[in-house]
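Trainee: Listed below, chain by chain, are the residues.
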Amino acid sequence: MINRNLAKILSKRYIILASLLFVAALGLVLLPSYQKNENVTAEHLLAKVINPERYITSDVLADKLILKDPSILLIDVRVVSEYEKYTLPGAINIPFDSILNPNYEGYLNQDQYDIVLFSNDNFKADQAWLLLNRKDYKNLHVLNGGINGWYHTILNPPKPTEDMPQEAFELYNFRQAAALYFGVGIKTKVKKEATPIPVKKVVPKKAVVPVVKKKKRKPEGGC
Amino acid sequence: MGPLIPNGFLSYEWNIIIAVLIGLAFGFILEASGFSSSRKLAGVFYGYDFAVLKVFFTAALVSVIGLYYMDYLGWINMSMLYVHPTYLWGAIIGGAIMGIGFVAGGFCPGTSICAVAIGKLDAWVYVIGIMIGILIFSEAFPIFEKIYNGYYLGNITLVDSFELPASWIILAVTLLALVAFFVSDIVRKRVKKVFY
Amino acid sequence: MDKSNFNKLHVYWNPYFGGFLLGLLIIFTFYMTGRGLGASGVMKSGVVTMVDQVSHEHTIKNAYYSKFVSGDKSPMNNWLVFETLGVLVGAFISGSLAGRIGFRVQHSPKITVKRRLVFALLGGVLFGLGAQIARGCTSGAALSGMAVLSTGGFITMLSIFGTAFLFAYLFRKNWI
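Chains as they are written, first to last, in our numbering: chain A, 59 to 281; chain B, 5 to 200; chain C, 16 to 191.
These aren't lab readings, by the way, just hints derived from the structure by calculation. Glycine is no exception: its CB is placed at the ideal position from the N, C-alpha and C atoms. Heads up, some of the hints might be wrong.
Which residues of chain A face chain B? A partial, calculated answer using Cβ under 8 Å [stated by the list, open to error]:
#, residue
1, Ala76
2, Leu78
3, Ala82
4, Leu84
5, Val87
6, Tyr239
Here are the simulated DSBU-like cross-link-like pairs (lysine-lysine), alpha carbons at most 30 Å apart as the crow flies [to be verified]:
#, chain 1, residue 1, chain 2, residue 2
7, A, Lys66, B, Lys150
8, B, Lys196, C, Lys125
9, A, Lys66, B, Lys196
10, A, Lys182, A, Lys122
11, C, Lys188, B, Lys197
12, B, Lys197, C, Lys125
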């Protein structure tokens with residue numbers, strides 16, 4: 059009995075196999091299409107966006123620069139002309155337009171430094187931050203307020219009024235000292251100096267050893 | 005994830021070991037399917053044996069469906085795979101010359117290597133012939149250069165050519181192949197059996 | 016050779032089974048190396064090596080050879096060469112398991128050995144020439160190309176089998 063049933067099935071085996079193949083091919087058609095995320099998932103990116111570590115305040119950055127923290131890598135995403143006029147000490151200029159240029163990948167795609175991106179304000183640096191995070195690069199931060207914020211907090215901090223707490227005065231003192239360190243003393247005595255002329259300093263470029271990533275081999279083939 | 009070696013999951017040295025192992029399986033499958041016999045291979049053109057058609061299309065279907073499922077599951081990155089470049093007239097003319105060579109010699113390079121391994125003398129001669137053919141091509145390269153390098157369309161796939169989703173193309177190819185299998189069985193029943 | 020033994024020699028796998036395994040092998044090959052199978056490449060490497068041995072200057076000057084002799088890397092140090100070594104061994108194992116090993120010329124009873132060998136040589140020359148023009152043979156271009164839906168692979172496949180069917184009538188005496 060079993061043998062006869064088996065023989066019955068076996069006689070149809072090619073039809074069964076053919077329909078299996080057909081169903082498999084049909085399955086590909088019917089599978090719901092989905093957007094492939096090559097780099098980062100949306101949840102992952104969102105978590106990074108909310109994370110407060112995304113921003114670094116100018117005070118923290120100034121402190122680190124004064125202490126000559128070697129783990130900081132400053133990236134100026136403004137255009138070259140602006141970079142040449144004034145920038146933060148040790149910053150590397152990677153204009154926003156060429157932020158995804160593979161030539162700079164060695165600087166940006168690494169996990170040795172804490173990268174601090176900055177522009178005139180938050181805007182461009184934030185965009186650069188987002189682009190680079192989409193590529194799943196590590197340790198990216200944005201200087202809160204950018205160069206303008208830097209100017210208003212470090213180089214030309216508002217003088218605290220009498221009714222402010224003790225901390226505000228301490229912060230003011232720190233900022234004054236920092237301003238001296240960065241070469242632009244606050245001319246408290248000098249009036250009418252609304253915009254201190256940015257001092258063009260010859261800044262030694264930070265030597266960064268680009269990490270040589272394991273190069274993906276392009277598959278070759280042919281007969 | 006995949007392909008493993010181009011993505012650096014396996015060191016490049018493994019490539020050679022894997023090459024030998026893949027070749028081992030390739031040779032075994034070809035020989036065991038009867039591809040070391042030129043008369044069996046040529047049978048497809050005279051309707052007395054459709055092993056070539058069946059093996060060839062089953063392999064193509066299984067691999068293309070499997071690869072696309074693996075791509076869907078994220079196990080393999082299709083864009084990292086080597087896609088045979090399309091040189092339109094090179095493929096057509098080269099294919100035509102190969103077609104005549106196939107039906108005249110009864111082997112293709114892969115199967116001739118299998119036949120060489122089991123001592124078929126006609127396959128030895130065939131391999132020597134292939135080498136002479138390559139020699140002729142190389143020495144006369146300036147003549148063929150235009151067709152060799154011309155009409156380059158890039159590493160395109162049928163998805164680019166027909167502008168259809170890959171899944172529909174695979175379904176169409178599958179249907180065509182299944183029809184071909186079905187027809188080949190009918191033809192085979194009608195053609196006089198050749199004992200080889 | 017008695018009749019029963021002769022029949023046993025021609026017991027091959029079911030073609031669908033062979034094709035299924037071959038398909039799995041192609042998937043495995045792409046998964047591991049990102050490239051497909053190939054066969055004619057090794058003969059090209061062989062020719063280039065031989066010509067290089069005879070006259071190194073000639074290979075450098077020739078526009079086609081010079082693509083494959085770069086620096087101190089031998090053209091034999093090639094993925095396909097190692098793969099082909101495997102093919103030889105694999106086919107030998109399969110052949111010995113089925114008892115198909117032996118030096119002989121397989122030909123239709125209607126033709127002589129000499130005719131078979133002449134046509135084999137002729138077919139080889141044509142196939143070698145065509146495989147270079149199309150940049151690949153049935154395994155490298157057609158089979159591996161079809162696995163990734165390469166347009167060139169499909170064109171090559173159609174062209175090979177189409178022409179072979181067209182010209183099959185001329186060569187019928189060799190086979191039937």
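Trainee: Taking the earlier hints as the rules, which of them does this structure contradict?
Mentor: Per hint list: 2, 6, 7 violated.
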